[in-house]
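Visitor: So you can see what is in the structure, the chains are spelled out below.
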Amino acid sequence: MKSESRLEKILAAGHLAVTSECGPPRGCKPEDVVTKSKYLEGIVDAINVTDNQTAMVRMSSLAASVIIKQQGLNPLFQVTCRDRNRLAMQADIIGAYSLGIDTMLCLSGDHTKFGDHPQAANVHDIDSMQLLQMVKGMRDDGVFQGGAELKGAPKMFIGAAANPFADPFELRVMRLAKKIAAGADFIQTQCIFNVDKFEQWMEGVRAKGLHKKCYILAGVTPCKSLGAARYMSKRVPGMDVPKEVVDRMASVPKEKQAEEGVNICIETIERLKKVEGVAGFHIMAIEWEEIVEEICERAGLLPRPQV
Amino acid sequence: MEKFEPVIVAFCCHYCAYTAADMAGSQRLPYPTNVKVIQVPCSCKVDALHIVKAFEKGADGVYVAGCLEGDCHFKNGNEKAARRVEYVQKYLDEIGIESERLEMVMMSAGMGYRFAQVATEITEKIRKLGPSPIKTATAL
Amino acid sequence: MITAERKPLEELIEYIKPFKRILLLGCNECVTVCSAGGRKEVGLLASGLQMAMLKSGNNIEIRQHTLERQCDPEYVEELVPMINDADAVMSMACGCGVQEIAMRFKDKPVFPAVNTTFMGASERQGVWAERCQGCGNCLLGETGGICPIARCAKQLMNGPCGGSVTGKCEISDDVDCAWQLIWDRLKSLGLEERYMEITPAKDWRSGGGSGPRKIIREDLAE
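Chains as they are written, first to last, in this note's numbering: chain A, 1 to 307; chain B, 308 to 447; chain C, 448 to 669.
Warning: the hint list may mix true and false statements.
Claimed, not checked - Under the rule of at most 20 Å between Cα atoms (straight-line distance), these lysine-lysine pairs were calculated in the PhoX-like manner:
#	chain 1	residue 1	chain 2	residue 2
1	C	487	B	364
2	B	397	C	487
3	B	387	C	555
4	A	29	A	69
The hints are simulated quantities; they were obtained by calculation from the structure and are not laboratory data.
On a predicted model such as this, the values are computed, not experimentally measured, just so you know.
Start from the sequences, fold in the hints, and give me the full structure.
Guide: Structure below.
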């Protein structure tokens, strides 16, 4: 084992892991973090805590992760390369580990253009690949990125993101291989609506044996409404929501749409369970954390195994 | 204030508007003497600086007359001229000169009547606008 | 070349308001090529400023002059005979040129007339695009001749982010995804495997991270 991470233990034991996410509040409201994370208690193995998602200022992922940890839950600390240079990132990683956070996700970060501070500089001192290398170096070699020795290494279980739906498609398996080589222990994918395309990607992943080198958590999202489905299909770069999904959402009356979104999500999980190499699920119920329990229940993912 | 007679500079392409002006003359079609015609080999030969200088030197209105769309003797000089006129219009706004004082018009060599009509219409439009703010400021 | 764009006239007028005699300077190098501050643009700006000032009741005197290269002390020297006739200088050169004037004529106010924008190339007539950020340690040899530092919105050195769609960057359909371009090049060069090499974290000291940079060529330096 590389870490004390509960997520790692679940995966290493061969169980299908379940993670979900919790966006920190836009203000000093720790109680919001508590409320959101409580919905996920006993439901998931780790809770992703986003880092200024969509480039909007929020409570820091480190602080919110600590609050979640204080609830006795397992935060999955997200770190993007957009807002901090390598000094600040390493400082936060050491800080996080010192406060009991042992699982993290390394991301490039959404561009500031999409957020509420488009005036801000995009830092990108290092990229997500180099961030993975840096964390792995800190953990395994006990050195800072700059080469100096680190006293008390952060034993992080290191995650990365993968988007099988972005272009160029032929590069997407190679990019995963590169992330694994850089240090990724597990992967959380972009939301999967186009299962056929995901399967095609997984074929490439298996052909290279990458599913044996890291754990792949398939990302899913329940659509809350037809509007949400349309928005994701049209407005979110790198999201692939096929017409059939949008049509299916449109085929039911408005008050039934949320239910239909959940049905689609559960069917997707069922289909993904059959895909060789899928080690678990990352359920992204954005601002809809309370639905995760129902999804997990109906998808047969409960109770969570004890490890 | 004494009666205002606008000064209008018309940059006319040799292949169309300038010939149209000749045609208007030979057809005895009257047009205002306010319009001072400057012959150019193509409407796109008119530089932004020529237009701006015309205003600086006291023009109340300026127009660039080129060939009909697709008929430029040099392929697409008239389209370039039209884009340049738009660019200078924005600059005039920045300076504080109403951009309506500058126009791009298009006509063919045979349109003597249109030449006279355009000259008359633009003269009347500028007459309504009054003297250019630069001319007014210089007079003070 | 270094590209630039003229500042709004309003901003320039604020700068020169307190002065009567302005020396308006152009530069024959990059800003001429990108139509921002060459002889022609100097003429156009002089005329515009003159008229705008006149409108607000100020008669100013603008002398126009365009230097061969404003970022070079040798050429700046030619301003010596005319500098005393000016109360202030407005320069249409890039930031380097403006500073050269400030350094040479210590008691003369100097104002920039353009915003120096980026190092780029002409995509077609009238369109310029950023190509280089002067990071001081060129990696074009590894990336098929396309720069991810200057051309990827996230400066990613190891491949496209999840927002690359049909060759375009997530920030705008007008921006090509640098990594799509790099990948296409690597493929046509038969160098696909090169993508698998991890580019390590960059040493930004060469890119300005250790303060203002300087090049000294011992054989040429006097």
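Visitor: Sort out which numbered hints this structure fails and list those numbers smallest first.
Guide: 3
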